[in-house]
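2 protein chains.
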Amino acid sequence: MYGSGPDIRTGPVPLLRALLYFFIMRLSKIGEFGLIRTLRNKCRCVSPDILTGIGDDAAVVRIGNRKMLVTSDMLLEGVHFDLSFTTFRQLGHKFLAVNISDIFAMAGTPQYFIISLGIPEELRAEDIGELYSGINKLAEKFGISVIGGDTCASKNGLVLSGTLIGTADRAVTRSGAKEGDGIFVTGAPGDSAMGLSLLKKQGRRVRRFSPSTARLKLMKKHLMPDPVPLKSAAGITSMIDISDGLLIDMSHICDESGVGAVIYGDRIPVSGELAAAAKAMGMDPLEFALKGGEDYTLLFTAPLNIRTNAVKIGEVTKKGRFIIDGKGCRTPFKAEGYEHFK
Amino acid sequence: MYGSGPDIRTGPVPLLRALLYFFIMRLSKIGEFGLIRTLRNKCRCVSPDILTGIGDDAAVVRIGNRKMLVTSDMLLEGVHFDLSFTTFRQLGHKFLAVNISDIFAMAGTPQYFIISLGIPEELRAEDIGELYSGINKLAEKFGISVIGGDTCASKNGLVLSGTLIGTADRAVTRSGAKEGDGIFVTGAPGDSAMGLSLLKKQGRRVRRFSPSTARLKLMKKHLMPDPVPLKSAAGITSMIDISDGLLIDMSHICDESGVGAVIYGDRIPVSGELAAAAKAMGMDPLEFALKGGEDYTLLFTAPLNIRTNAVKIGEVTKKGRFIIDGKGCRTPFKAEGYEHFK
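Going down the list, the protein sequences come from chains A and B. Start counting the first sequence at 161; every next residue gets the next number (this note's numbering). Start counting the second sequence at 161; every next residue gets the next number (this note's numbering).
These are computed hints drawn from the structure, not numbers from a lab. Some clues are possibly wrong.
No copy is singled out in the list; a pair is fine if it fits within one copy or between any two copies.
Derived lysine-lysine pairs resembling PhoX-like cross-links, with alpha carbons at most 25 Å apart [said to hold, decoys possible]: (1) 315 to 451; (2) 391 to 380; (3) 472 to 301; (4) 380 to 301; (5) 361 to 315; (6) 315 to 487; (7) 361 to 479; (8) 360 to 478; (9) 338 to 451.
Only a predicted model underlies this, so the values are computations on that prediction, with no experimental measurement involved.
Please model the entire structure based on the sequences and the hints provided.
And the structure:
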């Protein structure tokens, strides 16, 4: 889904500035989030049934007596995946997983998946069969039905575009965080980014993940992320999935909620595999945990007294964004990480 | 949406044959409709709320107390559009129009549009602004809200993928045609194919359609198709939009309804512009009307006594598919026209 922009809000002056900025810049300069801001301004949501539009993990609309969630993700060969590193089955899994993660980030239940494929002529039908096997296996796990889509020939690599529809009793957005809330994560971030780094070094696909090793576990986190929903979203004030990286995604919550945050660096869970791999590379695992994306774990805010298995990594403040290290040293943080149009 | 396959139905023996066929063929040989058949077999629709799954213009699912329609269309640069022939504003219009047409083909009302864009770095932000202007203008006309999507960088041309959600009281599928029904079209097919042919000859974009000429009218039909819904779908037994061409789309209805058809060649409405342009090229306008796609007019079946402004072009029969010319000469027809994987 379109992410949310860090600072430009609608209103005549900022809008004018944003549009002027937009029209003289190339997309490579303006960046993805800048583009999203402008698109959000351009798209008027005309229906009162739209409860949440552009700028969250999924849109929320009222259909009859239900709240429906809709999210879309596009994966392009050469941008989001490299067929030298992934099998078609792994790719099918990831394609659905990234969409599921957006629905979980709104506390929803995924139900219907619509697939559009642009298929290069040189692909073997067997490859597409494998892609669908990966999609179907994950779909079965969550009771999701593939209900349709579009297929066409592509002259420029494989194109996957998916729309996942779900429902929710109460959709949790990015905009409800309150000063004094705790900040929680449901898993150890950074593994996926390290996994990608290892895959690039290895330069070939992983056919089997067993017998498992630390390296294979990290690569699997990147190739076949495994979204897990919260057991209960009761009391949760805001939520997002970590797709762009912890700092960027935390910034999205701050922007949308109009709050600040302090994150305790030494409380961020770091997996043993990530710690060991970073050590071997002479790198700080926290760099991966804070700036690596594609983890598809959940980042949420809730009152401090909430009962949860998630790990508390910080607190929502009135304003400012800081990381505090083990020695109590306070450093401001920015929305840094991977951005598509850099 | 995935179209429907002409002859392979599920069941152990045809399914096995289809899968064997599928796994030894390249996609360029198997063709788009063969692929769709296999995907339909591979995708299990697990929910009883799915009223119509893969194989119609839109999927139909029950959400709460409403029937929801979902359709997806992907447009790829170099396959579905050529930026030498279309402006970004025209492209935006067409992108939404082809999706609207799928919802109209199910007798639905379009409501929410989700856009995924793969954007090449060299594109100017102004171009994307123009694209959105084209989308927004048409969206406004039909009260459609753009509720979200995904944007990413593309290394290989512009990628547009849209999902349109609508609702219907009674969704009209491809499968209800009955022997003795009339076959009707809501507009003159073939104009779009001729328009494309003229655009290719001209080799450049059309900036203005006024003052209007016959050539410009035909080009506009291709560049900015204008879907029109039926005023009432009462009594309609089956429906499809003409996207692949009249003969292919009629064949889809025959396949899905298990019926035959006779089409009277001399009753098919041919626009004055198409007739004149075909004459100038020394070609038969009926070739364009029968095999040209992308008209986005509606083709439907209904009892003969139905009140409609649409033009009756034939009758549903028990079996066989024939065109009868002005002299009464009967020729069998096949699902011939444009297919993506040829």
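Looking back at the numbered hints, which does the structure fail to meet, lowest number first? 3, 6, 7 and 8
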